[in-house]
Structure formats: structure tokens, C-alpha cells
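From first to last, the protein sequence lines stand for chains A and B.
At position 56 of the first sequence the residue is numbered 56 (the numbering used here), and the sequence of numbers has no breaks.
Position in the second sequence (from 1) plus 1000 gives the number in the numbering used here.
Since the hints were derived computationally from the structure, they do not count as laboratory data.
The model shown is predicted, which means the values in this text are computed figures rather than measured ones.
Take the hints with a grain of salt, since some may be wrong.
[As the list claims (entries may be wrong)] In silico DSS-like links for lysine-lysine, alpha-carbon gap of 25 Å or less: (1) B:Lys1083 / B:Lys1121; (2) A:Lys117 / B:Lys1083; (3) A:Lys83 / B:Lys1117.
There are 2 protein chains.
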Amino acid sequence: MSGKPQDGFELDPQLDADTLLVGDLELSRVLLANDANFPWLILVPMRTGLADLIDAVPDDRAQLMQEVDTVSRALKAITGCDKLNVASLGNMVRQLHVHVIARFEGDAAWPGPIWGKLPAKPYDDDAANKLVEALRARLEITSG
Amino acid sequence: MSGKPQDGFELDPQLDADTLLVGDLELSRVLLANDANFPWLILVPMRTGLADLIDAVPDDRAQLMQEVDTVSRALKAITGCDKLNVASLGNMVRQLHVHVIARFEGDAAWPGPIWGKLPAKPYDDDAANKLVEALRARLEITSG
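Could you build all of it, start to finish, from the sequences and the hints given here?
In C-alpha cells, the structure reads:
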């Protein structure tokens, strides 16, 4: 199910530059971080004026956590990862966004967190398309 | 309201060693990371066998996110922080736990994530007691 952005919602330009579009769920835009080091998704509630999770109204917060759950399961099913990392940080990009990252024992940052560890390694087109299509199928997103 | 640990629940020894006890909410044990660099709380659902958020049954997941919300608001009210960081990582300690961290522009790890940035700086007793008591009052936890 695809929702509609709140009037005035615009994706933060840095998030836009660093990611590929998977598509929209009811509340959140789902983005794939363009970093082949880690299968790494970012959910951005399509609302204006949110920075922290506590800024969201209760219904939106519940919906966001439901979508984090759905996306986490899809990412785990597709990647067969050992662990999921879920985080709302937002110290640099203030627009509320939630990271959902598939971690593997022995990956490039294991066992530390992934942020700031090594430069992003952009996907080649084939690998990106394959992952995005697999995610769209699992998430029942019909278009990007 | 204080809940009861599930039979067989034991706090991970590493989490125990690195934290001070605030007290128990209905689902989660609330811990203060013994690191004066950052006001940093850790919620541990008192359930056995959970590693990822997706491992929790839906009612527990909803309750955990409600408690994350409550604890986030308490921490922000007490510290007046600029930003909250909320994360479930668990690559090293596998027992499901959620970090809730008060961040300040210009703090020792700003704007990066806090993990692994610098050695923990244990609280002196007065500072720890003051923070724990303020948290217990806000969270309506009567005993540790």
C-alpha cells in the first residue's frame, strides 16, 4: 500500500543524494543507501517537521514501527543476514529517518556500527536493480 | 508500573557490568550506561530468547516502543538535550536492548554516533545518584 506525502513534505537533499528509491509505504518512503558495503535501508515518514521519534503523533509512530518491522523482515528474508541494526540518529540530517541495516558477522564494520566506518561504495546498476526489485516484490510496492 | 521478568530472564553480564540500575518498567529493565560522556539509557525487555526487534511478539514490540517513547521524553526533559539517538544494534551483546541517548551539539562524539568513539568515563557517585533519582521520579519507578 502506498501512501501520500503530507503537503509540503520534501525529502532531505542529503538523503536523496545518498540513496536509491525503493518506493513508498503507507507512511514512509523507503530508500536504499547507495553503499554496497551493507544492505542498508532508510525509512522516512512523509511528514513535515519531524526530527525525533517523539515528535511523531502516536498513530504515526505506531505505523512507522510497523513499517520498520515489515522492512526488517523483508531485508532479512532477502539477505539472510545474521543481525539487524535499527536506529534513529539524525545528528547530521535532521529530517526524521530510521536506518534498517542487514549485518553479517565479518562484514566491513563488524561488530561495530556502520556509520562513518568506511567510504560508501556505490552499487553497480545490476546489483542495485536486483536488490531494489527484490525489495519491491516483498514490500508489494508496484512502482518507485 | 513495574513488571515481572519472564521466568529464566537474566540480564546479559556485559550489560550488567557496564550500567547502573534505574529500575523496571512493565516490560523493560531500564539501565543507565556508566559513561558520563553521554546521558545514555538502555532498555532491556525482560524476556528470554530475543535478539532483534522482529523477534518480539507484536504486543511486546508495541509495549517496548511505548517505553522507549516514555524514557526518551524523560531523558529529554531532564537533560534538555538537542537530539535523541535511539538504536537497537546488538552486534556484540545479543540480548535485545535499545539504546536511548541524549545528544548535545558539540558533545564528545558529535555529530557521529557514540559507540566506540571514546572510553567510558564512569560517573562519580553523586552525579550517578542524582541522574538515577531524577529518572526514577519521572518514570514513576519506586525502587531500583
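Now the hints, each set against the structure:
1. Of the pairs offered as hints, the one joining Lys1083 (chain B) and Lys1121 (chain B) holds, with about 21 Å between alpha carbons and a cut-off of 25 Å not exceeded.
2. Taking the CA atoms of Lys117 (chain A) and Lys1083 (chain B), the gap is near 22 Å; set against the 25 Å cutoff, the hint holds.
3. Distance restraint check for Lys83 (chain A) and Lys1117 (chain B): the Cα-Cα separation of roughly 22 Å lies within the 25 Å cut-off, and the hinted pair is therefore satisfied.
When held up to the earlier numbered hints, the structure conflicts with none and fits them all.
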